[in-house]
Amino acid sequence: MNYSLEIKNLRKEFKGFTLKDLNIKLEPGFIMGFIGPNGAGKTTTIKLIMNLIKKDGGQIKVFGKDHVAAEKEIKDRIGFVYDENYYYEDLSIRQMKNIVSKFYSKWDDNQFNSYINEFDLNPKAKIKTLSKGMKMKFSLAIALSHQADLIIMDEPTSGLDPVFRRGILDILYNIIQDENKSIFFSTHITTDLEKIADYITFINDGEILFSEAKDKILDSYRIVKGSTKMLEGNRDKFIGLRETDVGFEGLTNNINQIESSFNNDVLIEKASLEDIMVYSIRGE
Amino acid sequence: MFGTINRDLTLIFSNKSQMIIILSIIPIYLLVLDINQMERMYFLVLVMMTYIFVMTPFVFDMKSQTLSMMNSLPLRRKDTVLYRYLSVFIYFLISIVYSGIYLWVIKKTGLMDVEYFNLKMIKEALPYVLATVSIMFPANFKFGPRLAQILNAFLFSFTAVAAISLSRNGLGSLDKGIMGLLKGPSLLLVISVAYIISLLVSMRLYENRDL
Numbered sequence: 043m044n045y046s047l048e049i050k051n052l053r054k055e056f057k058g059f060t061l062k063d064l065n066i067k068l069e070p071g072f073i074m075g076f077i078g079p080n081g082a083g084k085t086t087t088i089k090l091i092m093n094l095i096k097k098d099g100g101q102i103k104v105f106g107k108d109h110v111a112a113e114k115e116i117k118d119r120i121g122f123v124y125d126e127n128y129y130y131e132d133l134s135i136r137q138m139k140n141i142v143s144k145f146y147s148k149w150d151d152n153q154f155n156s157y158i159n160e161f162d163l164n165p166k167a168k169i170k171t172l173s174k175g176m177k178m179k180f181s182l183a184i185a186l187s188h189q190a191d192l193i194i195m196d197e198p199t200s201g202l203d204p205v206f207r208r209g210i211l212d213i214l215y216n217i218i219q220d221e222n223k224s225i226f227f228s229t230h231i232t233t234d235l236e237k238i239a240d241y242i243t244f245i246n247d248g249e250i251l252f253s254e255a256k257d258k259i260l261d262s263y264r265i266v267k268g269s270t271k272m273l274e275g276n277r278d279k280f281i282g283l284r285e286t287d288v289g290f291e292g293l294t295n296n297i298n299q300i301e302s303s304f305n306n307d308v309l310i311e312k313a314s315l316e317d318i319m320v321y322s323i324r325g326e
Numbered sequence: 118m119f120g121t122i123n124r125d126l127t128l129i130f131s132n133k134s135q136m137i138i139i140l141s142i143i144p145i146y147l148l149v150l151d152i153n154q155m156e157r158m159y160f161l162v163l164v165m166m167t168y169i170f171v172m173t174p175f176v177f178d179m180k181s182q183t184l185s186m187m188n189s190l191p192l193r194r195k196d197t198v199l200y201r202y203l204s205v206f207i208y209f210l211i212s213i214v215y216s217g218i219y220l221w222v223i224k225k226t227g228l229m230d231v232e233y234f235n236l237k238m239i240k241e242a243l244p245y246v247l248a249t250v251s252i253m254f255p256a257n258f259k260f261g262p263r264l265a266q267i268l269n270a271f272l273f274s275f276t277a278v279a280a281i282s283l284s285r286n287g288l289g290s291l292d293k294g295i296m297g298l299l300k301g302p303s304l305l306l307v308i309s310v311a312y313i314i315s316l317l318v319s320m321r322l323y324e325n326r327d328l
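So the protein sequences, as listed, match chains A and B.
Under the working numbering, the first residue of the first sequence carries the number 43, and numbering increases by one thereafter.
Under the working numbering, the first residue of the second sequence carries the number 118, and numbering increases by one thereafter.
The hints are simulated quantities; they were obtained by calculation from the structure and are not laboratory data.
Only a predicted model underlies this, so the values are computations on that prediction, with no experimental measurement involved.
Treat the hints with care, since some could be wrong.
Stated by the list, open to error - Which residues of chain A face chain B? A few of them, derived with a C-beta cut under 7 angstroms, are:
| id | residue |
| --- | --- |
| 1 | M92 |
| 2 | L94 |
| 3 | D98 |
| 4 | D118 |
| 5 | F122 |
| 6 | Y128 |
| 7 | L133 |
| 8 | I141 |
| 9 | K144 |
| 10 | F252 |
Claimed, not checked - Computed list of lysine-lysine pairs in DSS-like fashion (alpha-carbon distance at most 30 angstroms, straight line):
| id | chain 1 | residue 1 | chain 2 | residue 2 |
| --- | --- | --- | --- | --- |
| 11 | A | K50 | A | K67 |
| 12 | A | K89 | B | K133 |
| 13 | B | K195 | A | K62 |
| 14 | B | K180 | A | K114 |
| 15 | B | K225 | A | K170 |
| 16 | B | K180 | A | K50 |
| 17 | A | K107 | A | K89 |
Glycine is no exception: its CB is placed at the ideal position from the N, C-alpha and C atoms.
Next comes chain A alone, as it looks inside the complex (with noise of 0.2 angstroms):
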């Protein structure tokens, strides 16, 4: 099968810090969400897809292709979304546009001003001039406007109002409407992967923790909620525990496990991502 995304065994070694054997797969017509907490590992991996950085070990394909091979051609088909701005600042949105446009082959400016009109931007402003939000909009706006088949997105909505970040992902949502995009979208923010990520993959520490089909894992994990005396000599049935004066909240994937052992004197809740994500950073 030719994913969008496949990444085997990728390593990258900093000073203090590994991307220990990353394998990630995504398909088309799925989004999937990467979440982790701040300096997990989401920004390198991002970087290394688009060999911004070199890799040390295994494997980047993006439509079946060697990432660094088929480097022009795979770039061509990405459109990639920044955490930050890194568009030149005394530029305006319109000497920006040209800039970039002439290196896409599928360049689309009706795309892009239909797009330019939609977030409300003037083209004659210079970057400088925009607000945070305003030059998420811009720089979605580029990624979206050259055809683009995956869309990679580092942390678009960190930062962000709700109101706006729901704009954006009803613009994934419509992205994805067609069958051939995909789009990997790294975020700390999991309410927003709870409303459009089909796939979720987690890591921690530069390791991944789980890489899976996002109803599975909220299927899967629950919040156990009970008094404290009750975890005596089953704490190690937890991923992670938060204890307190009146009682604790544990996070768990053994629901039967937790059923049978407590029978019904604990509250079991489902997990939101968030819920599982702080409970296995804590667990560990």
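Chain A is already provided as a structure; the job is to place chain B on it using the hints.
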């Protein structure tokens, strides 16, 4: 190549302060140099104009930290380096045209009696530009913005001082000592080889650089 040149020219002529710098180069030289050095001014203008055209995109990349953005575009790093080295010849040509028109206007309006085209000076300026660029480019492709900025400041000062010195004495001053051996066709050959080596080194450095 066209995309890279388009980007560079957009940046070079992007704002008023940038335009003022470019427009003021020739008047500054006219004010600084005395009348006896006028015949060498054409050499100086060509060298410094090309230097400014070549280095402006690097300065913008340092200021805006745009290397990640530029490298996410469909362009191989090897091509980025190659286009940068080839673009030097285009900027040299633009400098000839620009200074030619500018100096022609000065001469025609009677402000000053200056040369606006001198083939001998062009032949002398090109190897000088290529030699300078052969040192500057690898440094800029290898190092991060801060270190590259320091190196650029040093190289800019060196280029300016050396160019003024050469403009005073002429390339005839190279006849003395070891440099005398490199005059004429040998000089061009040595600089061409150095330029190609510099290109290959820059490609290697940039391809292996983490951004």
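Each hint tested on the structure:
This hint holds: M92/A has a C-beta 5 angstroms from the nearest C-beta of chain B, less than the 7 angstroms allowed. Of the supplied interface hints, the one on L94/A holds, with its beta-carbon coming within about 5 angstroms of a beta-carbon of chain B, less than 7 angstroms. For D98/A, the interface hint is violated, since its Cβ never comes within 7 angstroms of a Cβ in chain B; the closest pair sits about 11 angstroms apart. At its closest, the beta carbon of D118/A sits 4 angstroms from a beta carbon of chain B; the interface hint therefore holds under the 7 angstroms criterion.
Interface restraint check for F122/A: the shortest CB-CB distance to chain B comes to about 4 angstroms, inside 7 angstroms, so the restraint holds. Because the smallest distance between the Cβ of Y128/A and any Cβ of chain B comes to about 4 angstroms, under 7 angstroms, the interface hint for this residue holds. Hint on L133/A holds. Least Cβ distance to chain B is approximately 6 angstroms, under the 7 angstroms limit. At its closest, the beta carbon of I141/A sits 5 angstroms from a beta carbon of chain B; the interface hint therefore holds under the 7 angstroms criterion.
Because the beta carbon of K144/A sits about 4 angstroms from the nearest beta carbon in chain B, less than 7 angstroms, this interface hint is met. With a least beta-carbon distance of about 28 angstroms to chain B, the hint placing F252/A at the interface is violated under the 7 angstroms criterion. Distance hint between K50/A and K67/A is fulfilled; the C-alpha atoms sit about 9 angstroms from each other, no more than 30 angstroms. Distance hint between K89/A and K133/B is unfulfilled; the C-alpha atoms sit about 35 angstroms from each other, more than 30 angstroms.
Taking the CA atoms of K195/B and K62/A, the gap is about 29 angstroms. The hint holds against a cut of 30 angstroms. A C-alpha spacing of about 26 angstroms is found between K180/B and K114/A, which places the hinted pair at or below 30 angstroms, so the restraint holds. The hinted pair formed by K225/B and K170/A fails the criterion: a straight-line CA distance of about 42 angstroms is larger than 30 angstroms. Between the alpha carbons of K180/B and K50/A the distance comes to roughly 36 angstroms, so the proposed pair goes past 30 angstroms and is violated.
A hinted pair counts as satisfied when its Cα atoms are at most 30 angstroms apart, and K107/A with K89/A qualifies at roughly 17 angstroms.
The structure fails to meet hints 3, 10, 12, 15, 16 from the earlier list, while all remaining hints are met.
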